[in-house]
Amino acid sequence: MTSSPLTPEISLNPLPQSDGSCQYTCPTSRTTILTSVNGPLEVRPKDELPNHATIEVIVKPGIGVAGVRETRLSSLIHSTLQSLILTNHHPRTLIQIVAQIVQAEDHTSLPLLLTPLLNCTILSLLIAGIPMRTVGWSVHLAVLQDTKKDIKGVEGQVFKLAKTGDGDAMETEGDEQIVVRNPNSEILSLAKSSHTLTFSKEGDVLLIESLECSQGSGGESADGQGWDITDFLKLAEEGKRICCEEGVEIVREALGDRKVF
Amino acid sequence: MSILTPQPAGDSLPPPLTFSTSLFRQISPALYLERHLTHSPPTRPNGRSPSQCRDFTLTTNSLSHAHGSAVVRAGDTAVVCGIRGEILTVAPGDDPSRFESYHCPPTSATHACGSRGAGGASWGGLIIPNVELSTGCSKKYPLGPPGGLAQTLSDQLHELVNVTKLVSLDSLRIYDSDDGSGSSLASTKKIKGYWSLYLDVLCISLDGNILDAAWYAIVAALKSSRLPLASWNQTEERIFCQALLNHPISLRQSLPFTTTFALIPLPNSENHRKETAILLNDPDSYEEGEACEILTILCTTEFDPAQGDSPRFPLAGLRTRVEKIEKRGGWNIGLTQIESCLDLATSKAARYFQSLAKEQPAPL
Numbered sequence: 092m093t094s095s096p097l098t099p100e101i102s103l104n105p106l107p108q109s110d111g112s113c114q115y116t117c118p119t120s121r122t123t124i125l126t127s128v129n130g131p132l133e134v135r136p137k138d139e140l141p142n143h144a145t146i147e148v149i150v151k152p153g154i155g156v157a158g159v160r161e162t163r164l165s166s167l168i169h170s171t172l173q174s175l176i177l178t179n180h181h182p183r184t185l186i187q188i189v190a191q192i193v194q195a196e197d198h199t200s201l202p203l204l205l206t207p208l209l210n211c212t213i214l215s216l217l218i219a220g221i222p223m224r225t226v227g228w229s230v231h232l233a234v235l236q237d238t239k240k241d242i243k244g245v246e247g248q249v250f251k252l253a254k255t256g257d258g259d260a261m262e263t264e265g266d267e268q269i270v271v272r273n274p275n276s277e278i279l280s281l282a283k284s285s286h287t288l289t290f291s292k293e294g295d296v297l298l299i300e301s302l303e304c305s306q307g308s309g310g311e312s313a314d315g316q317g318w319d320i321t322d323f324l325k326l327a328e329e330g331k332r333i334c335c336e337e338g339v340e341i342v343r344e345a346l347g348d349r350k351v352f
Numbered sequence: 004m005s006i007l008t009p010q011p012a013g014d015s016l017p018p019p020l021t022f023s024t025s026l027f028r029q030i031s032p033a034l035y036l037e038r039h040l041t042h043s044p045p046t047r048p049n050g051r052s053p054s055q056c057r058d059f060t061l062t063t064n065s066l067s068h069a070h071g072s073a074v075v076r077a078g079d080t081a082v083v084c085g086i087r088g089e090i091l092t093v094a095p096g097d098d099p100s101r102f103e104s105y106h107c108p109p110t111s112a113t114h115a116c117g118s119r120g121a122g123g124a125s126w127g128g129l130i131i132p133n134v135e136l137s138t139g140c141s142k143k144y145p146l147g148p149p150g151g152l153a154q155t156l157s158d159q160l161h162e163l164v165n166v167t168k169l170v171s172l173d174s175l176r177i178y179d180s181d182d183g184s185g186s187s188l189a190s191t192k193k194i195k196g197y198w199s200l201y202l203d204v205l206c207i208s209l210d211g212n213i214l215d216a217a218w219y220a221i222v223a224a225l226k227s228s229r230l231p232l233a234s235w236n237q238t239e240e241r242i243f244c245q246a247l248l249n250h251p252i253s254l255r256q257s258l259p260f261t262t263t264f265a266l267i268p269l270p271n272s273e274n275h276r277k278e279t280a281i282l283l284n285d286p287d288s289y290e291e292g293e294a295c296e297i298l299t300i301l302c303t304t305e306f307d308p309a310q311g312d313s314p315r316f317p318l319a320g321l322r323t324r325v326e327k328i329e330k331r332g333g334w335n336i337g338l339t340q341i342e343s344c345l346d347l348a349t350s351k352a353a354r355y356f357q358s359l360a361k362e363q364p365a366p367l
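Note that the protein sequences, when read in sequence, are chains E and G.
Counting from 92, one number per residue, gives the positions in the first sequence under our numbering.
Counting from 4, one number per residue, gives the positions in the second sequence under our numbering.
Hints listed in this document are in silico derivations from the structure and should not be mistaken for laboratory results.
Errors might be hidden in some of the hints.
DMTMM-like mimics (lysine to aspartate or glutamate), calculated; alpha carbons at most 20 Å apart, straight line [as the list claims (entries may be wrong)]: (1) LYS142(G) x GLU139(E); (2) LYS143(G) x GLU139(E); (3) LYS283(E) x GLU103(G); (4) LYS331(E) x GLU277(E); (5) LYS143(G) x GLU336(E); (6) LYS283(E) x ASP346(G); (7) LYS226(G) x GLU162(G); (8) LYS325(E) x ASP346(G); (9) LYS283(E) x GLU336(E); (10) LYS251(E) x ASP322(E); (11) LYS143(G) x GLU147(E); (12) LYS331(E) x GLU342(G); (13) LYS142(G) x ASP138(E).
Just so we're clear, the structure is a prediction, and the values are computed from it rather than from any experiment.
Start from the sequences, fold in the hints, and give me the full structure.
Laid out in structure tokens, this is it:
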């Protein structure tokens, strides 16, 4: 098995009838998202804002009907885009974003879906020519639990971060933590924690969704889980580097000669 | 020649537009907040300092029909959490390990299990939280089907249960009562069913920061709840419960708590490029309406054994582990601010922990 390429597969404007659309496939988990952006449109009187555009985000699940998880995803995307889109340029209008999950390994997993959804949405917003303050890019990092375990198929995506030894027992475990970028569900099930980080082009934090995700049956075995804040800050710095350098590069390459920047 | 000579500043100016404070509060919330927060020292309209959280009260076991309950009031936010245990019978072909793991990967079996009529147990395993806001708790959320906030909150609480692994799922087992053999070893007993816990959170009054209140209510209610002792009756081939409620739900030792911050932008007239902002701990709904960013930190505090079991403030002998950080919205909160917020979150978690320890468990 060859090492999978790092860059996601992006196809722009697969839906010619919408103002902007994008299909995005995550390189490792093969999560495929299709988004379409329409706007500025006429807004329903109920949702009209006097000096801002209304943003509507609809996440459509790959299987079944939309439920609580999809509502949560769309509210997360909505709050991120709210700060990115210059809503005061089109007051009293509607910007409608529809994201369809085409393929996913785990249709209920929030961390696996959030990064492709955000990246795909931002690309289609650029295509649609919606005025935006800046461009953001999202990356999903998983910190692995067992450093000895062999991971296959992710050769290009692993990097190591020095761990701050907090106390006594930690130092025997080794002073490095292994971080995998854009993990698939198999790697995520081995992970200790999952971090979805979104940074703007300038390096400002747009969204953090970090959670402990180790397996277990709970109760007292869960005592002492979690991470130290200094480890997190180091990880976030690394995420920032990935988003600001590689993320921006991916956006630039994907858009190519389209003059949207 | 100019006719429009500047008038001397005197009586001829129209009287300045004045209105009462309460009207100002209603018509221009952003400016009203800004005036308060740019004051020195910055004070919020509700009288608190930016880093101060509201006092909270906790009452446990006030609902007689639930297996456990808690009422939490923080300022004008009041939530009730009731815990109801229901029995989930394990069918002969089922793999019990599936129920005993948080974050279990989805298989065709879990999808099949969902269709077996166990309510929400399909995607949630054994613990299912639900939030209801439509009780007239706030004029923003009228009666009707659960809206976006209620659904998001339910999902967030469900995620918190999974992330923290609060309840020891082993303690929810229901065994075969093999009185004859007398073997009390857990490994030899057969698992016949599970308790599935429904955590119903009802918001009585909503004045911001419902996540913290709801999560605290859930932790307190789980800690106070007592399930009946259930066992499998071989002759009847059913699970029977004893009338006495004396089977506690075992939780983690170090309990995690959430702390929420809201970031209010302060448009700075002198410096347009970099606008300043201020972080408010435990926002109320008026402040949440103006906030552009919300930061939630879930952390546990462990008291260092060297310091004894009476933690002093500020933060002596506390070790903090972060289990979840969620930041959504704008771009103003930097990584350094998250670090400073963690200190506030730690002290709040320690306060929660202390008040929970004071609460007397129900008599067996």
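Structure-based check of each hint:
Between LYS142(G) and GLU139(E) the alpha-carbon distance is near 19 Å, which keeps this suggested pair within the 20 Å criterion. Distance hint between LYS143(G) and GLU139(E) is fulfilled; the C-alpha atoms sit about 16 Å from each other, no more than 20 Å. For the proposed pair LYS283(E) and GLU103(G), the alpha carbon gap of about 18 Å is at most 20 Å, so the pair holds. Between LYS331(E) and GLU277(E) the alpha-carbon distance is near 25 Å, which puts this suggested pair outside the 20 Å criterion.
For the hint linking LYS143(G) to GLU336(E), the alpha-carbon distance of about 42 Å lies beyond 20 Å, and the restraint is violated. Pair hint LYS283(E) plus ASP346(G) does not hold up; C-alpha atoms about 23 Å apart against a cutoff of 20 Å. A threshold of 20 Å between alpha carbons decides the hint, and for LYS226(G) with GLU162(G) the separation of about 19 Å falls inside it, so the pair holds. Using a Cα cut-off of 20 Å, the hinted pair LYS325(E) and ASP346(G) holds, with the two alpha carbons roughly 18 Å apart.
Distance hint between LYS283(E) and GLU336(E) is unfulfilled; the C-alpha atoms sit about 26 Å from each other, more than 20 Å. Between LYS251(E) and ASP322(E) the alpha-carbon distance is near 12 Å, which keeps this suggested pair within the 20 Å criterion. This hinted pair checks out: LYS143(G) and GLU147(E) have alpha carbons roughly 19 Å apart, not beyond 20 Å. Annotation: proposed proximity of LYS331(E) to GLU342(G) holds, straight-line Cα distance about 16 Å (limit 20 Å).
Using a Cα cut-off of 20 Å, the hinted pair LYS142(G) and ASP138(E) holds, with the two alpha carbons roughly 17 Å apart.
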